[in-house]
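Participant: The numbering used here applies: residue 29 is where the sequence shown begins, and numbers increase by one.
Please keep in mind that the hints were generated in silico from the structure rather than gathered at the bench. Heads up, a few of these hints could be off.
Stated by the list, open to error - Simulated crosslink set (BS3-like; lysine-lysine; CA at most 30 Å straight-line):
1) K30 / K41
2) K41 / K58
3) K58 / K30
What the hints assert, rightly or not - Each pair of labels, with its calculated beta carbon distance range:
4) M29 / R52: 26 to 32 Å
5) K58 / M29: 27 to 33 Å
6) R70 / M29: 15 to 21 Å
7) T46 / G80: 14 to 20 Å
8) A59 / M29: 28 to 34 Å
9) E34 / K58: 27 to 33 Å
10) E74 / Q38: 17 to 23 Å
11) G44 / D77: 17 to 23 Å
12) R86 / A59: 26 to 32 Å
13) E49 / M29: 27 to 33 Å
14) E81 / D57: 16 to 22 Å
15) G80 / K58: 26 to 32 Å
Beta carbons: idealized from backbone N, C-alpha and C, even for Gly.
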Amino acid sequence: MKPLSEQVRQAVKASGMTNGEIARALGIDKANLGRALRGEQRLSGELIDALGELLRLRLADDARPGKKAA
Numbered sequence: 029m030k031p032l033s034e035q036v037r038q039a040v041k042a043s044g045m046t047n048g049e050i051a052r053a054l055g056i057d058k059a060n061l062g063r064a065l066r067g068e069q070r071l072s073g074e075l076i077d078a079l080g081e082l083l084r085l086r087l088a089d090d091a092r093p094g095k096k097a098a
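Using the sequences and the hints given, assemble the complete structure.
Facilitator: Pasting the structure below:
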């Protein structure tokens, strides 16, 4: 299973929406969204939830013992 952060990045790309459109829809700064999607800033649970709702995603985190959480 892909890390949660990678699932989010792929879903954003597949949505066809620009980072600017997504940021406006979520009421967040475009630069902060870009940093989070590039892995320069941690994806917060709040942002993951908002992206999931906006893009109608079902995201999964592999939280099995011995696996590093995303």
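Participant: Hint compliance check: list the failing hint numbers for this structure, sorted ascending.
Facilitator: Of the numbered hints given earlier, those the structure breaks are 9, 15, listed in rising order.
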